[in-house]
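> Listed in order, the protein sequences are those of chains A and B. Following the working numbering, the numbering of the first sequence begins with 1 at its first residue and continues without gaps. Following the working numbering, the numbering of the second sequence begins with 1001 at its first residue and continues without gaps.
The hints are simulated quantities; they were obtained by calculation from the structure and are not laboratory data. C-beta: ideal position from N, C-alpha, C; glycine also. Keep in mind that the hints are not guaranteed to be accurate.
What the hints assert, rightly or not - Computed footprint of chain A on chain B, listed as stretches where at least three residues anywhere in the stretch have a Cβ under 8 Å from a Cβ of chain A: (1) 1073–1079; (2) 1098–1107; (3) 1154–1164.
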Amino acid sequence: MVRQESDRPSAYRPEGEQRDVSVLPADVLPGGALAVEDAADGAAELGPRARMWPALGAVYRAQLSRARVARIPLLFVATFQSIGIMILMRGVVDGGGEAESVVAGSSVLVVAFVALNLLAQYFGQLRANGGLDHYATLPVPPAAVVLGAAGAYASFTVPGTVVTAVFGCVLFGLPLTHLWVLVAVIPLAGAALSGLGAALGLLAPRPELATLLGQLGMSAALLLGVLPADRMPEVVRLARDLLPSTYGVEAFARTFGADPVWAFVAGDLAVCAGVGVVSLAVATWAYRRAAVR
Amino acid sequence: MCAVRGLTKTYPAVRGRRGTPGTPAVRATDDVHLDIRRGEIFGLLGPNGAGKSTLVRQLTGLMRPDAGRVEILGHDIVRHPERAARILAYLGQESTALDELTVSLAAETTGRLRGLQARDARAERDAVLDELGLTAIAGRPLKKLSGGQRRLACFAAALIGERPLLVLDEPTSGMDPVARRAVWAAVDRRRAERGTTVLLVTHNVIEAETVLDRVAVLERGRVIACDTPAGLKEQVAGEVRVELVWRETAPLQVPEVAALRERAVESGRRWTLRLAPEEARAVVATVTGGSAFAALDDFTLATPSLEDVYLALGGAAQQGLVKA
């Protein structure tokens, strides 16, 4: 296709220098043109693929900065919500095992708020308004997108969870000795809940539904995690056992004792890890499904 | 470089629910055949709902067609949709994935996800932001920018990590003339230096006429014409368009004006006529003299545009193409 200067009004071209450039006929462009015929000879080389870890790192970094712009107020909300609940429960619970589960439940609630609720909303909206197209037209492994976002949301719960846990310990006079266990509780409960959140957000047919499911998940974590289990009816206790956040709460609550049974703590955390692996795998599958329709 | 054969996609009928009426099945692309050559700027032109975006989604591997073949640079995109991401860069209409990032991080992250090493991604980011004049706002989140600036930032992200094919869905919508110039200058440069091919979706007739090498006109999922803009316009070369705007109502008491009425497309006070040049001269003479002139607010006489071509080809949407 030979182009002449007169074919192209120069309205969009600021300088003569580029004019010289754009009168090039397509046929003499580097590599030869009219390639519909050429294509039969052999397929062109593909561009590079983004590898798993660098891509995950890039998504994680971008999501973290996103959260910095848009999510800080919500993090305060999450933290104040948990602190408020503990202050309320102070009047009901008078120390001992119940206080331990209130503090542990309130701390894990911060994780549920951000990782489950907010991530479900984010993916629900991204899916609904075509934002997934951006990632789907980049050569990036689906797992990198899901894990990067989930990891960023889980990381964002760290300050709120720590503040809540410390505040709770002081409020109820619990020992701060084993708070280091949060180093394991936050990432593992975070993996389980953010995987669940991502899967809900990506599977929900409408964004409102994703928001609703995220909210419900968080409410369940609140009711079933914070309120002491022994006062609940049997059905609720069963529901409590099915919720992954419960195991994070239990693992954390066990460590307040003078001499925690570490095997049980590890067992609870293993459940979180297991749920995390499964739910993140489901979320990755859901992403793949949502990206190409 | 890109061959499309018999591409067909039907959206299934949606059954109505309470309060929402159902929609019948829609053939969004209907047996589309296209050949895009290396190094050309190829346009898809058509009114809203003509199937432009659906066609593009199938070419970029975002949607599976019901039938047909898409081959880009020798790769079968229908069978291997994941390869599309390694051949082309896509600028969609939505920026939600990047909205809360800064301009600089949006570009860098996209480069990383296109497989660039960290150092290369940063270098390309700096080069592209500089090229498009975005350096001054590199640190601001996309969300805080005006629509045109945000679009330009997304375009920057699309340019990072060179691809031989750029698929741009209305890249300049909302942009001021300076930003538009930056976009087309960047496209031209890549085309001249590397033979980059561009597939452009637009419903902006003026832009289509000025930047496209060839254009396919879409109407209800079908390609109703495919040629150079000049070639298409030759099809209606015998006609000129006369637009008359009356002050209040048309002076139908003037017999010549009354006679014109049945040939005019009326839209409020505006009449649009497509006439042979000598007829047009006569009409202009009539309305600019005598009592008709008193009722005339404005008139224009124009050579055919791609919009006229679209209408002459039987395009159904009377106001579908945007002119400015």
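> Each hint should be assessed against the structure and marked as holding or not.
Hints, one by one, checked against the model:
Coverage of the segment 1073–1079 of chain B by chain A holds. Counting CB-CB distances below 8 Å, 3 residues qualify, and the rule asks for three or more. Remark: the segment 1098–1107 of chain B is confirmed as covered by chain A, as 6 of its residues place a Cβ nearer than 8 Å to a Cβ of that chain, reaching the required three. Under the rule that three or more residues need a Cβ within less than 8 Å of chain A, the assignment of the segment 1154–1164 of chain B holds, with 4 such residues.
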